Amino acid sequence: MSLSSRHLLGLYGVPKEDIQLILDTATTFREVLERPIKKVPTLQGKTIVNLFYENSTRTRISFELAQKRLSADTVNFSTSTSSTKKGESFKDTVRNIEAMKVDMIVVRHQSAGIPYFLTRISKANIINAGDGLHEHPTQALLDMYSIREKFGTLKGLNICIVGDVAHSRVAMSNIFGLKTMGANVSVCGPSTMIPVGIEELGVKVCKNIDEAIKSNDVLNVLRIQLERDAGSRIPSVREYHNFYGITSERLEKNNKNILILHPGPINRGVELTSEVADGPYQIILDQVTNGVAVRMAVLYLLGTMN
Amino acid sequence: MKIILKDATLLNPAQKLHEKKDLLIEDGIIRKVGELTDEDYEKSTVYDFAGKYCVPGLFDMHVHLREPGREDEETIETGSNAAAAGGFTEIACMPNTTPDIDSAEIVRYIKEKSKEHLVEVYPIAAATKKRQGEAISPMFELYGAGAVGFSDDGVTIKTAAVLKNALEYSKMFDAPIIEHCEDESLSSGAMNEGINSTILGLPPLPSVSEDIIVIRDILMAEYTGGKVHIAHISTKRAVELVRWAKKRNINVTAEATPHHFTLTDESLKTYDTNFKMNPPLRTAEDVEAIIEGLKDGTIDCIASDHAPHSIEEKEMEFIYAPNGIIGLETELGLALSELVHKKRITMEQIVEKLSINPRKILNLPVPQFKVGEKANLTVIDPDLIWTVDVSTFKSKSKNSPFDKKLLTGKAVAVINKRKMYYEDKFIDI
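Chains A and B, in that order, are what the protein sequence lines are.
Per this note's numbering, the first sequence runs over residues 2 to 307.
Per this note's numbering, the second sequence runs over residues 171 to 599.
Since the hints were made in silico from the structure, they are not lab data.
The structure presented is a predicted model; accordingly, all values stated were derived computationally and were not measured.
Cβ atoms here follow ideal geometry from the backbone N, Cα and C, with glycine treated the same way.
Check the hints yourself; a few may be wrong.
Listing some non-contacts, in silico: residues in chain B with all C-beta distances to chain A over 12 Å [stated by the list, open to error]:
1) His188
2) Gly198
3) Tyr217
4) Pro238
5) Asp242
6) Arg278
7) Asn421
8) Lys513
9) Asn533
10) Val541
11) Asp551
12) Lys566
13) Asp573
14) Leu576
15) Lys589
16) Asp598
Straight-line Cα separation of at most 25 Å, BS3-like style, residue types lysine-lysine; simulated pairs [claimed, not checked]:
17) A:Lys17 x B:Lys439
18) B:Lys465 x B:Lys406
19) B:Lys595 x B:Lys544
20) B:Lys439 x A:Lys124
21) B:Lys566 x A:Lys92
22) B:Lys328 x B:Lys299
23) A:Lys180 x B:Lys439
24) A:Lys92 x B:Lys574
Pulled from the structure, derived: some chain B residues nowhere near chain A, Cβ distances all over 12 Å [as the list claims (entries may be wrong)]:
25) Lys176
26) Asp197
27) His287
28) Tyr313
29) Asp381
30) Arg407
31) Leu534
32) Val536
33) Lys574
Bound conformation, chain A alone:
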């Protein structure tokens, strides 16, 4: 079995079989992570560059650990400024890196579409680690893995994504992937944070958080990205919290079986109270652990294709 594409650019249009394969492969690697020696020689001799044009801690570390556990050679390139401002074009940077003979590039960038651009200028396998407001496929895959781990399946589950959906690449990848896997996906948040035309993708829009809690098996609660101008779309963080914040009271009142996911980092007291963030409904740290296994699966499947 192998994937139908040699890149992971996003989950839009990715066939069900591919997602299934990644999640199944991740199960094997998840077991490796429990061993005393958490390393397999699968990608020995492969060189992977982590090209991060945007600040990232957890995604970069997660990818790096996944690469190291697969015995690949990894190099990190991190910059918070665009290469254009530095005087060297993105294309030149990539070509220079590629001239050093790399096999795979994991990229994060503030411009949507960068992974597509990379496939045109590089021969390496490209993995999207977050591009603008477009997609963050490995985050969605680890969310799906974590949900599947709890429920045994994704098909027929009611899953609601809560928060600034319009400005979340995590949300979009989740929507695309979950729809493909047969889940019933809805979104909940203030209207200014709901993407234009989302219903056309077969996604329901729910305006009331209590309703969302009541009618779903899973809530994937997004970070309110204050650093990304979220402030202009809501009157205040306080108002957001009052109307959309997840509290223990709300969960206990409406649905005691709900599962809470959060891609991190959490704004405690905004989208989740501390009580919820550390409480019994959430699997936030499981998501982080699973993230390494899922990224190992993606790297392995792509890295052993050609």
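Given chain A's structure and the hints, the job is docking chain B onto it.
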């Protein structure tokens, strides 16, 4: 030198002319329209244009020539060559150069540079000083030097107050204010807002940003009695607003680009920056509305918004890449393929929109096929099938989304200012 254009169909709606007649041109002047003698044929170079149309020279009223300032992307000469190759004998160039066309010296510089070329260039001067939108430019002086219209193209004239002033002032010489319609406060996006911007995650630019300025400008044209020309109209609502304004006899005209009547925001799926322009590609519904607008006369002209950019500028992260595509060499082919051959508009309408109406808007004479008139004409083969190949373009830049596209219809010759462009060469006639 005497030349004869043989067996072409002369088509000029401005003269109500649609007839197969031979033309005898001597030293750039039309000497005979039909009724040629055997002696004429013997003493002239004869071009056989059977099956082709001979129309008054095409005019593109929205071209960016980049000179002065960005001669690495286009010059007055290379842009004029591209125009000739695309079938145009005259073009109007936009003022967003470096420096802007906001002084009589620069207007004269452009006129001087285009003097010897087949293609005549008419500068559109800045409507406000340095296109900053604060105070109107010296329009009298600019008009006197040869500017034919005023625009802050690239951006909208910033405030209603300055627009009011510009319209009232330009009324004195009946020159149009050409508006790039985009509300600055809604203009931070990179593609049309809709389901596709949601899927692609690109910052959205809502169509209402254009509509708001179109209605502002229409109301201001009505209020002042000034003349507004809406550049590169791209939304369904804006077409409806212009239609409404025309019914009320408000002095407003509009143009549409070939990309806005052929492409939709679906094209952005590969993030190719050659599909990034402003206004952005819209939806199929908008495309249909523009074609309807062209058909019923709401939209007066077709213009390219020819916007050359260097390869290194376009080969960039999508959100950082500049807006715009080149269009002079594909404009006629796209109009014929998508509008005439698909039976949406007639060949007469093509001539109106690509030759007659732009001149009317800019108060320039429409060339006539009459004895004693200067020969300013384009010969069009409506059925010539050709493949777009940007590597053969005369334009210095190659940023076209239409590379490798198969088109039907092309200009095969242009004549103006005693020069002829034929089979890739300029010939003195």
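Evaluation of the provided hints:
Against chain A, the non-interface label of His188 (chain B) holds: every CB pair exceeds 12 Å, the least being about 46 Å. Here Gly198 (chain B) stays apart from chain A, with its beta-carbon at least about 48 Å from theirs, past the 12 Å limit. With a least CB separation of 44 Å from chain A, Tyr217 (chain B) remains clear of the 12 Å interface cut-off, as annotated. For Pro238 (chain B), the condition that its CB be more than 12 Å from all CB atoms of chain A holds, with the nearest at approximately 25 Å.
For Asp242 (chain B), the condition that its CB be more than 12 Å from all CB atoms of chain A holds, with the nearest at approximately 15 Å. For Arg278 (chain B), the non-interface assignment is confirmed: its Cβ lies about 36 Å from the closest Cβ of chain A, beyond the 12 Å cut-off. Asn421 (chain B), annotated as away from the interface, keeps every beta carbon of chain A farther than 12 Å; the closest lies near 35 Å. Distance check on Lys513 (chain B): its Cβ is at least 31 Å (rounded) from any Cβ of chain A, clearing the 12 Å threshold; non-interface status holds.
Every CB of chain A is more than 12 Å from the CB of Asn533 (chain B) (nearest about 42 Å), matching its label as outside the interface. With a minimum CB-CB distance of about 57 Å to chain A, Val541 (chain B) clears the 12 Å threshold, and the non-interface call stands. The claim that Asp551 (chain B) is not at the interface with chain A holds, since no C-beta of that chain comes within 12 Å of its own (minimum 35 Å). The claim that Lys566 (chain B) is not at the interface with chain A holds, since no C-beta of that chain comes within 12 Å of its own (minimum 20 Å).
Listed as a non-interface residue, Asp573 (chain B) keeps its Cβ farther than 12 Å from every Cβ of chain A; the least gap is roughly 14 Å. Listed as outside the interface, Leu576 (chain B) is consistent with that label: its C-beta sits roughly 23 Å from the nearest C-beta of chain A, beyond the 12 Å cut-off. Lys589 (chain B), annotated as away from the interface, keeps every beta carbon of chain A farther than 12 Å; the closest lies near 40 Å. No beta-carbon of chain A comes within 12 Å of the beta-carbon of Asp598 (chain B); the shortest separation is about 44 Å.
Restraint check: the Cα-Cα separation between Lys17 (chain A) and Lys439 (chain B) comes to about 21 Å, which is no more than 25 Å; the hinted pair holds. A hinted pair counts as satisfied when its Cα atoms are at most 25 Å apart, and Lys465 (chain B) with Lys406 (chain B) qualifies at roughly 14 Å. Under the criterion of a C-alpha separation no larger than 25 Å, the hint pairing Lys595 (chain B) with Lys544 (chain B) is consistent with the structure, at around 21 Å. Restraint check: the Cα-Cα separation between Lys439 (chain B) and Lys124 (chain A) comes to about 20 Å, which is no more than 25 Å; the hinted pair holds.
A hinted pair counts as satisfied when its Cα atoms are at most 25 Å apart, and Lys566 (chain B) with Lys92 (chain A) qualifies at roughly 22 Å. Simply put, Lys328 (chain B) and Lys299 (chain B) have alpha-carbon atoms about 12 Å apart, close enough for the 25 Å limit, and the pair holds. A threshold of 25 Å between alpha carbons decides the hint, and for Lys180 (chain A) with Lys439 (chain B) the separation of about 20 Å falls inside it, so the pair holds. Proximity of Lys92 (chain A) to Lys574 (chain B) is assessed by CA-CA distance (about 24 Å); at most 25 Å being required, the pair is judged to hold.
Non-interface status of Lys176 (chain B) relative to chain A is upheld: no Cβ of that chain comes within 12 Å, the nearest being about 49 Å off. For Asp197 (chain B), the requirement that its beta carbon stay farther than 12 Å from each beta carbon of chain A is met, with the minimum near 52 Å. Every CB of chain A lies more than 12 Å from the CB of His287 (chain B), the least distance being 34 Å, so the non-interface label holds. Separation of Tyr313 (chain B) from chain A is adequate, the least Cβ-Cβ distance of about 40 Å exceeding the 12 Å criterion.
The claim that Asp381 (chain B) is not at the interface with chain A holds, since no C-beta of that chain comes within 12 Å of its own (minimum 16 Å). With a cut of 12 Å on Cβ distances, Arg407 (chain B) stays outside the contact zone with chain A, its closest approach being about 16 Å. With 12 Å as the threshold on Cβ separation, the claim that Leu534 (chain B) sits away from chain A holds: the shortest Cβ distance comes to roughly 41 Å. Separation of Val536 (chain B) from chain A is adequate, the least Cβ-Cβ distance of about 44 Å exceeding the 12 Å criterion.
At roughly 16 Å from the closest C-beta of chain A, the C-beta of Lys574 (chain B) stays outside 12 Å, upholding its exclusion from the interface.
Violation of the numbered hints given earlier is absent; every hint is satisfied by the structure.
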